[in-house]
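Please build the complete structure, drawing on both the sequences and the hints.
If you read the sequences in order, they're chains A and B.
So in the working numbering, the last one in the first sequence is 663, and the numbering has no gaps at all.
So in the working numbering, the last one in the second sequence is 663, and the numbering has no gaps at all.
Don't read these hints as lab results, they were simulated from the structure.
Take these hints with a grain of salt, some might be off.
No distinction is drawn between identical chains; accordingly, a pair holds when it is met within one copy or between any pair of copies.
Below are the DSSO-like pairs computed for lysine-lysine, each with C-alpha atoms no more than 27 angstroms apart in a straight line [to be verified]: (1) K360 <-> K412; (2) K508 <-> K360; (3) K337 <-> K53; (4) K508 <-> K53; (5) K412 <-> K273; (6) K96 <-> K412; (7) K337 <-> K96; (8) K412 <-> K180; (9) K53 <-> K360; (10) K96 <-> K338; (11) K338 <-> K248; (12) K124 <-> K435; (13) K395 <-> K53; (14) K338 <-> K508; (15) K508 <-> K602; (16) K315 <-> K337; (17) K273 <-> K210; (18) K53 <-> K435; (19) K248 <-> K210; (20) K248 <-> K337.
Fair warning: this is a prediction, and the values are worked out from it, not measured in the lab.
2 protein chains.
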Amino acid sequence: MDGGRFPIKRTVGEVVVVEADAFTDGHDALCCVLQYRKAGETAWQEAPMLALVNDRWRGEFTVAELGRYEYTVLAWVDHFKSWRHDLGRWVQAEDITLSLRIGAELVGKVGQRVAGMEGHWLTERAAELVGSQNLEQRRLLGLDEELAQRMFRHADRTLALSYGKELGVVAEDVRARFSTWYEMFPRSCSPVPGKHGTFKDCESWLPRLATMGFDVLYFPPIHPVGRINRKGKNNTLTPGPDDVGSPWAIGSAEGGHKSILPALGTLEDFRSLVQKAREHGIDIALDIALQCAPDHPYVKEHPDWFRWRPDGTVQYAENPPKKYQDIYPFNFETADWRALWDEIKSIFAFWIEQGVRIFRVDNPHTKPFAMWEWLIGEIKQIRPDAIFLAEAFTRPKIMHRLAKLGYTQSYTYYAWRNTKWELGEYLTELCQGPGREYFRPNFWPNTPDILTEALQFGGRPIFMSRLVMAATMTANYGIYGPAYEMMEHVAVKHGSEEYLDSEKYQLRQRGFQDLDGPDSLREFITLVNRIRQRNPALQSDWGLQIHLVDNEQILCYSKATANHSNVILVVVNLDPNYTQAGWTNLKLEALGVELSQPFQVHDLLTGAHYIWNGPRNYVELNPHRMPVHVFRVLSGLHTERDFVTFDG
Amino acid sequence: MDGGRFPIKRTVGEVVVVEADAFTDGHDALCCVLQYRKAGETAWQEAPMLALVNDRWRGEFTVAELGRYEYTVLAWVDHFKSWRHDLGRWVQAEDITLSLRIGAELVGKVGQRVAGMEGHWLTERAAELVGSQNLEQRRLLGLDEELAQRMFRHADRTLALSYGKELGVVAEDVRARFSTWYEMFPRSCSPVPGKHGTFKDCESWLPRLATMGFDVLYFPPIHPVGRINRKGKNNTLTPGPDDVGSPWAIGSAEGGHKSILPALGTLEDFRSLVQKAREHGIDIALDIALQCAPDHPYVKEHPDWFRWRPDGTVQYAENPPKKYQDIYPFNFETADWRALWDEIKSIFAFWIEQGVRIFRVDNPHTKPFAMWEWLIGEIKQIRPDAIFLAEAFTRPKIMHRLAKLGYTQSYTYYAWRNTKWELGEYLTELCQGPGREYFRPNFWPNTPDILTEALQFGGRPIFMSRLVMAATMTANYGIYGPAYEMMEHVAVKHGSEEYLDSEKYQLRQRGFQDLDGPDSLREFITLVNRIRQRNPALQSDWGLQIHLVDNEQILCYSKATANHSNVILVVVNLDPNYTQAGWTNLKLEALGVELSQPFQVHDLLTGAHYIWNGPRNYVELNPHRMPVHVFRVLSGLHTERDFVTFDG
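Rendered as structure tokens:
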């Protein structure tokens with residue numbers, strides 16, 4: 016990670032496998048150990064490293080607790096180990112005799128250095144090596160495993176060489192690795208048509224979302240919405256008096272980033288909602304958008320935090336020739352930047368006090384990198400299990416930088432990856448590339464900003480396949496929920512990815528009778544989430560493998576736990592219109608399947624099961640019935656009697 | 016290179032291309048420059064870096080002189096550049112007007128800061144931006160290229176960010192990159208059968224070797240040979256009184272590493288030889304083998320430099336159960352190591368005083384890494400054009416480490432790479448892998464220690480093909496000359512790579528009448544070396560590309576200069592017995608050839624030329640006539656009239 020500049024990431028209980036090249040001049044034997052400790056501790060713990068091939072060594076340790084660990088590698092030339100190796104190879108009696116004399120010196124010296132019983136034992140053994148027993152007996156005493164272990168324990172490390180850097184790994188909450196997000200606008204949650212929703216209304220959604228398998232409920236900003244330059248429906252510049260505006264235009268006379276839009280309820284209501292959500296196993300995630308409406312209190316209280324133009328106005332957001340006059344970005348080049356940073360930190364700290372620990376940060380790439388590294392570190396002092404999702408739809412290296420700086424999860428390009436080649440390349444990069452050590456993708460098929468062309472025109476098969484892919488490709492995924500459940504797919508205009516009548520600018524109420532009705536994806540989503548919960552292979556990004564299929568419309572990939580105790584194989588028909596069929600060419604190793612043995616694939620979506628054999632198997636998917644197979648792979652079957660049936 | 020720990024390598028006049036990822040938060044524009052200087056200088060020189068794609072920037076500089084250079088990258092957010100970008104995109108008059116006001120402030124501020132005419136010019140321009148000309152004229156003044164250049168020159172770099180490390184590149188003598196080695200034993204050079212050769216005898220070889228195209232003449236150790244435990248002919252332990260022993264058993268009563276074996280001549284003779292060689296464009300390279308015969312003066316003078324065993328004897332070299340009792344290695348773990356290092360340095364310095372600047376170091380991997388880094392640095396203070404060839408036939412990472420520590424060139428595994436797959440993989444690694452920045456391979460088809468199975472049984476075709484491959488795959492190559500010229504191929508016993516009657520233990524005289532006779536490879540070697548001299552593509556390792564051929568016995572590769580001004584295409588029949596034929600699948604891009612145009616391939620070995628077209632062309636090689644094509648590729652031909660003929 017940039018030469019040790021940044022820590023890698025794990026979640027609590029995961030293993031860190033460390034490999035190092037360790038070698039020296041000459042022919043002497045090396046010993047090599049992995050050293051690790053919780054940050055702040057002074058003493059190292061040690062794990063052995065084993066030589067693989069070509070001077071590569073490997074060891075591992077587990078990060079058992081939340082927080083930062085450090086690790087490094089230590090190696091030394093071990094004369095006893097070299098000597099023991101030689102002793103095993105000498106043949107002639109004169110050579111063995113002389114070798115034992117040398118060994119007795121080596122062991123005797125350590126015996127003198129070491130206190131107590133251990134020192135005594137070594138001193139005695141040294142004497143025995145040149146003692147009265149016959150040569151072969153003494154040779155075996157020299158090669159004795161117990162002697163080797165004791166000598167390793169007391170090896171002379173005065174010339175040991177360390178890697179020289181203490182590398183870091185941050186152990187995070189399990190939900191950093193495996194989470195299922197549902198985004199909704201609380202203001203649309205009222206059961207009464209036309210009425211502004213409240214946090215109280217949201218409470219009635221909790222049992223439903225928990226049943227559907229969501230564990231993060233994410234709200235767009237819940238603060239007072241600016242009135243100056245407020246946007247009207249469909250992003251118009253001519254709002255009516257009742258228009259609710261965009262929640263991302265934060266701040267008005269009613270308050271700013273630490274206030275709640277009065278129409279949603281009180282701070283007390285919010286705390287109650289957070290508490291009730293927790294009882295359902297759900298975390299409330301807040302959207303932190305560090306920008307201000309023109310009437311945000313900061314503008315008057317801290318004019319230095321904004322950029323002023325020669326005409327005496329505040330610089331609003333712009334991307335020439337476009338202008339966003341309802342949004343004032345902070346000027347992070349202000350001389351008063353330290354106070355600005357402190358205030359921003361206090362926003363996160365405030366919501367943590369209200370029980371929130373998951374934050375989706377809006378456009379973090381337009382705020383200082385240095386601030387994020389500092390701020391995330393500070394916040395984790397308060398809540399080590401805090402989770403930050405970066406909403407940075409920008410260039411790859413910037414997205415990766417944010418992840419290195421501490422962002423727990425990141426939005427991705429998934430929404431725009433449609434073809435088999437695109438998806439395969441992207442997944443291989445994310446799940447097998449070096450970035451997987453720190454960049455945790457969170458796949459969203461839609462967001463309030465992103466109604467892709469695929470969703471606009473693909474119909475129910477695409478809504479189903481894009482959901483299953485998001486849910487099975489990466490362990491973190493989310494949907495902009497009510498719109499996805501209802502398969503909303505009409506854009507504001509041709510060529511746009513904006514929803515028609517977007518909830519960003521108006522209320523959009525969807526009653527439970529619709530959401531739970533026959534045209535909803537509710538049951539399908541519930542099934543997919545249940546499959547995620549029951550299959551550990553889907554709870555990590557690391558075990559993914561692409562498999563070949565001789566049809567460009569069929570994508571096939573597997574996910575497996577490290578020991579293949581759980582293996583999922585997904586086959587997707589990317590074509591929403593026609594039945595597609597083809598032959599797989601499976602990498603059986605990735606499935607934990609032996610070439611000579613048949614194996615069962617059990618479709619967790621339909622309950623069907625098939626007996627497959629070898630890499631080549633026939634698949635056929637009618638998108639209008641079910642565009643995806645999500646197979647659990649069961650190997651080690653010998654006869655039909657071994658077949659297992661189970662639900663999910 | 017290990018995070019900047021080691022410098023990369025170039026030769027004088029070569030270009031260093033530097034790429035860097037440079038990006039920042041936000042939407043501001045960056046400027047990025049490459050900074051470089053000769054080590055020891057304080058001021059940086061600068062070269063522009065241009066943005067490629069995905070936040071990757073590229074710049075370059077030339078290393079014009081011998082020695083170490085440093086370089087780093089500097090980038091800053093440039094508000095003028097951002098402003099200029101925006102100005103170009105505003106459409107409405109009100110936006111342009113305001114933008115010009117902002118620009119006038121930016122330019123005016125710099126104008127005040129900068130002294131003299133330049134400051135005056137900028138101040139005036141600032142006034143013009145908000146002056147009386149019409150809007151479009153003022154807009155064009157703002158976008159003016161000259162303004163941009165002046166503003167770049169005086170950009171505010173107070174918040175510029177450097178890469179943070181000063182990376183190193185060592186510029187070496189051109190012969191570090193391109194050299195042609197001939198190894199011979201001076202003691203075998205007498206024209207009188209049975210007589211010990213002398214340096215005077217060697218002088219008569221010089222015109223011949225120069226004509227053959229060799230520019231490095233390398234001698235095994237020229238020091239007094241130990242008498243205690245001296246080896247007899249064919250490595251026997253029972254030498255006769257006239258046996259000359261192994262020159263690697265260094266030291267006797269006659270002297271050690273700074274002495275010359277009296278039978279070879281005097282120091283004066285040696286200096287004369289070095290001088291005469293230089294007149295022929297040849298460097299004499301010495302073999303530095305840091306080990307002692309039991310009667311080396313060091314053993315008595317510095318007993319602390321050796322390891323003593325419990326039985327009171329000195330530890331000789333051993334690899335259980337084998338023992339090498341004629342060789343005492345130094346004990347580098349001696350407390351007196353500093354004196355030992357100094358003495359070793361003085362050996363190199365002594366021979367440099369005699370005019371030597373090229374050293375082949377015997378088994379450097381069994382001496383301390385740290386010593387080499389120090390020693391090579393010290394020696395280069397005396398002779399910046401010194402060249403060190405590492406004879407480390409050991410594990411890859413150790414060979415690479417020696418190269419990183421400063422070894423100029425390295426022996427390789429080439430002698431044992433025989434199949435098309437092996438050669439292709441190895442070449443791709445060496446010529447395209449990251450190691451090429453510091454690891455310069457020197458290919459030897461044979462050495463006095465290495466008579467490969469291929470050479471033992473492959474006959475003349477293999478001697479020819481292995482020579483051409485060594486000479487065209489890597490820019491540095493060498494042969495153990497007299498034995499190669501005469502195609503000596505009889506091993507001491509079955510399964511051994513040792514020559515029968517090896518020159519390592521006895522004189523082996525080969526008269527010029529044989530060496531220049533019809534059974535010699537002299538003329539072929541001369542031709543191959545001439546091709547190397549005339550084709551710059553063969554004088555660097557970097558331009559290599561493997562091409563496909565649909566026959567496993569035919570290897571095809573090209574070498575090209577960076578701008579394709581010189582392109583060589585080699586086709587080798589690896590089968591020494593049978594004619595092999597096949598169709599190429601050439602990567603035309605690597606040849607600088609366009610798909611639609613025919614091109615000429617001119618065989619520099621036979622003079623034949625062919626008109627080829629596209630990637631697929633037929634090749635056929637009869638190993639008994641000529642096992643190799645070495646084509647020069649001539650593209651851009653339109654009619655037969657454009658075809659060029661030339662010799663070599």
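Can you tell me if K338 and K248 fall within 27 angstroms by alpha carbon in one copy, between copies, both or neither? For K338 and K248, only the intra-copy Cα distance (18 angstroms) is at most 27 angstroms; the inter-copy one is 91 angstroms.
Using 27 angstroms as the alpha-carbon threshold, which applies to K508 and K53: within, between, both, or neither? neither (54 angstroms within a copy, 60 angstroms between copies)
Copy assignment of K124 with K435, given that the CA separation must stay at most 27 angstroms: Result: close neither inside a copy nor across copies, 66 angstroms intra and 54 angstroms inter.
Could you place K273 and K210 in one of the four classes (within, between, both, neither) given a Cα distance threshold of 27 angstroms? within (24 angstroms within a copy, 99 angstroms between copies)
When no copy is specified for K315 and K337, does a C-alpha distance of 27 angstroms or less occur within a copy, between copies, both, or neither? within (26 angstroms within a copy, 87 angstroms between copies)
K412 and K273: within-copy, between-copy, both or neither at 27 angstroms Cα: Close neither inside one copy (32 angstroms) nor across copies (57 angstroms); limit 27 angstroms.
How would you classify K96 and K338 at a CA-CA limit of 27 angstroms: within, between, both, or neither? So K96 and K338 pass the 27 angstroms test across copies only (20 angstroms; inside, 72 angstroms).
If the cut is 27 angstroms between Cα atoms, do K412 and K180 qualify within a copy, between copies, both or neither? Answer is both; intra-copy 24 angstroms and inter-copy 20 angstroms each pass.
27 angstroms Cα threshold - placement of K360 relative to K508: Answer is neither: 39 angstroms inside a copy and 79 angstroms across each miss the 27 angstroms cutoff.
When Cα atoms must be at most 27 angstroms apart, do K337 and K96 count as within-copy, between-copy, both, or neither? between (71 angstroms within a copy, 19 angstroms between copies)
Alpha-carbon proximity context of K395 and K53, limit 27 angstroms: within (15 angstroms within a copy, 45 angstroms between copies)
Check K337 against K53 for me: Cα-Cα at most 27 angstroms, and say if that holds within a copy, between copies, both or neither. Neither: 50 angstroms inside a copy, 48 angstroms across copies.
Comparing the model with each numbered hint stated earlier shows that hints 2, 3, 4, 5, 12, 15 and 18 do not hold.
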